[in-house]
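Could you build all of it, start to finish, from the sequences and the hints given here?
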Amino acid sequence: MPHRTLYRKLVDSRTVAVLDEQHVLLYADLHIMNEYTSPQAFSSLRASNRTVLRPRQQLAVVSHIIPTHPVSIEQRVILDPASALQASNLKRNCREFGIKLFDTNDEEQGIEHIIAPEHGWIRPGMVVLCGDSHTTTYGALGALGFGVGTSEVEHILATQTLVYRLAQDMRIRVDGALPVGTSVKDLILLIIARIGAQGARGYAVEFAGTTIAALSAEARMTLCNMAVEAGAKAALIRPDETTYAYIRAKAQDLGEHGFVRALGDWQQLYSDEDAVFDIEHIFAAQEVAPFVTWGTSPDQAIAVNALIPDPALASDEQVAATTARALQYMGLSAGTAIAGLPLDRVFIGSCTNGRIEDLRIAAAIVAGKRVAATVRAMVVPGSGAVRRQAEQEGLAAIFIDAGFEWRQPGCSMCLAMNDDVLAPGERCASTTNRNFEGRQGRGGRTHLMSPAMAAAAAISGCISDVRALEKQHA
Amino acid sequence: MPDNKRIEGIAAPLPIDNLDTDQIMPKQFLRTISKEGLDRGVLFDLRFHPDGSPRPDFVLNRPEYKGAIILIGGSNFGCGSSREHAVWGLQQLGVEAVIAPSFGEIFFSNALNNRLLLIVLEHDRIALLLKALESNWQRLLIDLEQMQLSCGSLVFGFTLGERHRKMIVEGLDMVGATLQMLPQICAFEKSHEAACPWARVLPTDEDNHGQIA
Chain A
1 MPHRTLYRKL VDSRTVAVLD EQHVLLYADL HIMNEYTSPQ AFSSLRASNR TVLRPRQQLA
61 VVSHIIPTHP VSIEQRVILD PASALQASNL KRNCREFGIK LFDTNDEEQG IEHIIAPEHG
121 WIRPGMVVLC GDSHTTTYGA LGALGFGVGT SEVEHILATQ TLVYRLAQDM RIRVDGALPV
181 GTSVKDLILL IIARIGAQGA RGYAVEFAGT TIAALSAEAR MTLCNMAVEA GAKAALIRPD
241 ETTYAYIRAK AQDLGEHGFV RALGDWQQLY SDEDAVFDIE HIFAAQEVAP FVTWGTSPDQ
301 AIAVNALIPD PALASDEQVA ATTARALQYM GLSAGTAIAG LPLDRVFIGS CTNGRIEDLR
361 IAAAIVAGKR VAATVRAMVV PGSGAVRRQA EQEGLAAIFI DAGFEWRQPG CSMCLAMNDD
421 VLAPGERCAS TTNRNFEGRQ GRGGRTHLMS PAMAAAAAIS GCISDVRALE KQHA
Chain B
1 MPDNKRIEGI AAPLPIDNLD TDQIMPKQFL RTISKEGLDR GVLFDLRFHP DGSPRPDFVL
61 NRPEYKGAII LIGGSNFGCG SSREHAVWGL QQLGVEAVIA PSFGEIFFSN ALNNRLLLIV
121 LEHDRIALLL KALESNWQRL LIDLEQMQLS CGSLVFGFTL GERHRKMIVE GLDMVGATLQ
181 MLPQICAFEK SHEAACPWAR VLPTDEDNHG QIA
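Each protein sequence line maps, in turn, to chains A and B. Taken in order, the first sequence gives residues 1 to 474; the numbers are from my numbering. Taken in order, the second sequence gives residues 1 to 213; the numbers are from my numbering.
If you're looking for bench data, these hints aren't it; they were derived computationally from the structure. Keep in mind that the hints are not guaranteed to be accurate.
Stated by the list, open to error - Each computed DSS-like pair below joins lysine-lysine, with the alpha-carbon atoms no more than 30 Å apart:
#1 A:K9 <-> B:K35
#2 B:K5 <-> B:K66
#3 B:K131 <-> B:K66
#4 B:K190 <-> A:K250
#5 A:K369 <-> A:K471
#6 B:K190 <-> B:K5
#7 A:K91 <-> B:K35
#8 B:K5 <-> B:K35
#9 A:K250 <-> A:K9
Here is the structure:
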């Protein structure tokens, strides 16, 4: 057997058939569905008189459209008739085909990419597919996860497989300790800014190095989640003691025997020493500073103490045009400081940064302070379990005392398919993954940043360096 | 596509890099369980003012590009969300092909599965093409037999993967084709399940969290 990358080992282990040089028929261990990219797949399945081949390997979650008003989950009602129909339609599909569903009023409700790992359903070596681009998150646990479209959802429902185009191998090595005041979110924003929004297009990215090894399982999820913003087909991290400890705690159904048995398999999941990567990028953790996006693509990010880029200084005409267009949409002036920019909203949540560790980091910044009077700030936990834990740990009280809205779990303002939407012109500090034009609401202006930076922004009312805020209050 | 081997018509330039699927099909049009009516949503914020009236300066609203069936896009066209609605909407608007330097990964598969032709062409060739279109009444011909696209006297060859070409020209039923391999899938499953029992993760009891609806 030639030397193989971790990615290649995962693909090989789930290859049912080689279709041609570039395509394999890939087996899915788990398929996760949501309410808005699956309805047409079920309709089409029915129209062709086909059925769901493996209902027990399907999981469905209502997450994008649910309201996050601070009422109890049992009282949660979707008022928008079109969204309500999507939810009831998903329920009907799940009932008809015997698929497990996290419905609107389920107390375990939340974002698909947060629920699945926290139940221990994502394990090293698995292939996990979902009609949502942030499925790359699961690479954090050594699983091959990636997003699919609706016709692919139909294909998976009917066959439990996918016609899969092979990716090339990229390794991103990061070594050293992340500087104080920075986190993995700053690291991934730096990486995307350096390699570009399509820098990893067509590649499966393996993150490696001492920085990555030192990250918690949840921090790794943030990293892999946003790899798709560099265009990555998949993101992977070699499973290690951190991974095993996380899964051992979550996947209690495995039992001691099952866990030890699985561990033997998982320990084989690494890139062989001499495996060849098509491309490698190397970063030093000390390069990382608190990062903020200034534009309308996740790669338009700078350190918080840097100046907003000037199109006149761009490397080529196309970059100049893209920069100018983004500045105009964002209402920003070239060459000015991004720090100090006043904000209207702050949003902490999403599948990128809606986990318990994210809330702990944000709460530590917020504790004992007040949200600026000019800002409306909200925290949306990623799941019912995250919300309960944050309440038990006293984090919720910290947020509420500071003037944050403490809301019910869901995707919320990340893609604004629910009631949580920016008004035209509103400027928002957001822990989400995308700052696309109109993403959080038509004319809304999104600045991506870490939970710590978003917390600092809420307190100061403007984009500010969390390190300075900490010093000031020390 | 009435003729699977030739696409001929007006091509509209849309040279915006990283034109994401959030822009191609904004979220308010995703609250649907059907594929109907998505033409209205395509590039909504670029095509229409907030009050719903058309923006006269946007390329697809200009009289000379009325009825465009080909789009010439920028790098990483269709990046972002997995929403296939973007592809369905483009097709409902009449778009039969998109030419760009590169495409977002999921968008690429979505387009293929719906037989929306995507052609990858280098930046400098696209620049030449855009110039030629200006002087040639915006008409472009894509010939899938010759694998050529032409605009007036300007002719470029292009390539498509074999699977891609077959999908577009012959219109494969992918699910049907894979279902013929069902015995292979089941055989794989059997040995896979024995080798990796830990990969079956969902509880089979109905009394667990969540519900089997």
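Q. For this structure, which hints from the list above don't hold up?
A. 1, 6
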